[in-house]
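Chain residues, written in single-letter form:
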Amino acid sequence: MIPAVGVAAVLFVVLAFGDLRGNLVYYLTTSEAVDRQGQFGDQRRFRLAGHVVEDSVRPTAAGAAFSMTDGVTTIEVVHTGAPPQLFRSGIDVVLEGSWDEGRFASDTMMIKHDEQYCAPEREERHCPSRTPAADAAPADGASR
Amino acid sequence: MIRRHTFDIVAVALVAIGFVLAMGAPPDRLQGDVQRLMYVHVPAAWVAYLAFAVTLVGSVGWLVSRRRRWDRLAASSAEVGVVFTGLAIALGSLWGKPIWGVWWTWDARLVTTALLFIVYLGYLALRRAVADPETRARRSAILGVVAFVQVPIVHMSVVWWRTLHQPPTVLRPDQHPTMDHDMLMALLVNVAAFTAVYAALVRRRAAVARLEAEADAHTDRHAPLAGDAVIAPRLEGAVDG
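Residue numbers (this note's numbering), protein chains in the order written: chain A, 1 to 144; chain B, 1 to 241.
Simulated from the structure, these hints should not be mistaken for laboratory data. We put the CB at the ideal spot given by N, CA and C, even for glycine. Just so you know, not all the hints are guaranteed correct.
[What the hints assert, rightly or not] FRET-style restraints, in silico, Cβ to Cβ:
no.	chain 1	residue 1	chain 2	residue 2	range
1	A	96	B	98	13 to 23 Å
2	A	3	B	67	23 to 33 Å
3	B	16	A	120	19 to 29 Å
4	B	211	A	82	47 to 57 Å
5	A	96	B	171	23 to 33 Å
6	A	42	B	33	37 to 47 Å
7	A	42	B	19	51 to 61 Å
8	B	24	A	102	42 to 52 Å
9	B	233	A	96	44 to 54 Å
10	A	120	B	211	45 to 55 Å
Required output: the full structure, derived from the provided sequences and hints.
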């Protein structure tokens, strides 16, 4: 029993305070990505999440280009590959890729659908339209 | 005879009603018909939580009373819980591919759920690794209590950490469900249906466990094992080491 509790305590401390060099953060917001642009350079791959800006999606030969925002900072994204079916302006996405001369070059896209479920014809009644500010995710771990 | 099958009949009836409601509910405005996977994915995850909570209760019950039936309840519930955890992961994966675009991603909800699955598989393995019923019950009970810590962590993972998985729609910490009423009704009936299936399965599994224990008690532990009479063949010319 005592070894088990000890192992659990060590695990908890490592997970809560160790941060494992930021590896436990699943994605960065656009503001955080811009903050770390200098540190990451154009090599380091990371996940970036945000809201696809309305009417910013342009199809390209290799995929799609669009703007992504967290309500504060907007980043231009160049995506290579076919986006998932649900991809459209106004939806949340998680991208994998790296900085490329001030733009984000992504090669993997995942759709982050929200927790709202509603019928098409009843959109107004149960699904108030969301604002990008409502997407602000909690900082990892401590807050909330 | 009727009483013995009441659980099964209720479960089958609820599953049938749940299926009709799930098919009759409106499709999601964004996801379309794929969203109907929710009516099986969410109940499967709910039953997994419930099953491991019952394992916790059974484990504590055994530790307090030392009655075997608590141990059998804990074991039966864990077994059914593992099945439903696997089902929740598989159905979530099927849902993830068309909506997220990936079968799997290493986010907090998916990783903690996978850990939950593996730890309770370990619980089942532990039950097979100890022959003495008393020792087995004690060790399993301790693991059954400790392992339950994971359940609130899995549920809150989408609130505590950033994930690709959506935050809770129904069991939200702060607000009302963010779902169309017809969808919510279909979901709740399916949760009830899955819970009834769970109850029917655990009831049967616990009955089998009781029969196993009785058969076990009649086994002479000092009788020679099958195969004891067989003498290992010796190779010609082999030298005894």
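Outcome of the hint check:
Between residue 96 of chain A and residue 98 of chain B the CB atoms are about 19 Å apart, so this pair conforms to the stated range of 13 to 23 Å. A hinted range of 23 to 33 Å for the beta carbons of residue 3 of chain A and residue 67 of chain B is consistent with their spacing of about 28 Å. Taking the beta carbon of each, residue 16 of chain B and residue 120 of chain A are about 27 Å apart, inside 19 to 29 Å as hinted. With their beta carbons about 56 Å apart, residue 211 of chain B and residue 82 of chain A fall inside the hinted range of 47 to 57 Å.
Checking the proposed 23 to 33 Å range against residue 96 of chain A and residue 171 of chain B shows it holds: the Cβ atoms sit about 30 Å from each other. In this structure, residue 42 of chain A and residue 33 of chain B meet the distance hint of 37 to 47 Å, their C-beta atoms being roughly 42 Å apart. The supplied range of 51 to 61 Å is met by residue 42 of chain A and residue 19 of chain B, whose beta-carbon atoms lie about 52 Å from each other. About 51 Å separates the C-beta atoms of residue 24 of chain B and residue 102 of chain A, a value consistent with the hinted range of 42 to 52 Å.
About 59 Å separates the C-beta atoms of residue 233 of chain B and residue 96 of chain A, a value inconsistent with the hinted range of 44 to 54 Å. Checked against the given bound of 45 to 55 Å, the beta carbons of residue 120 of chain A and residue 211 of chain B, roughly 53 Å apart, stay inside it.
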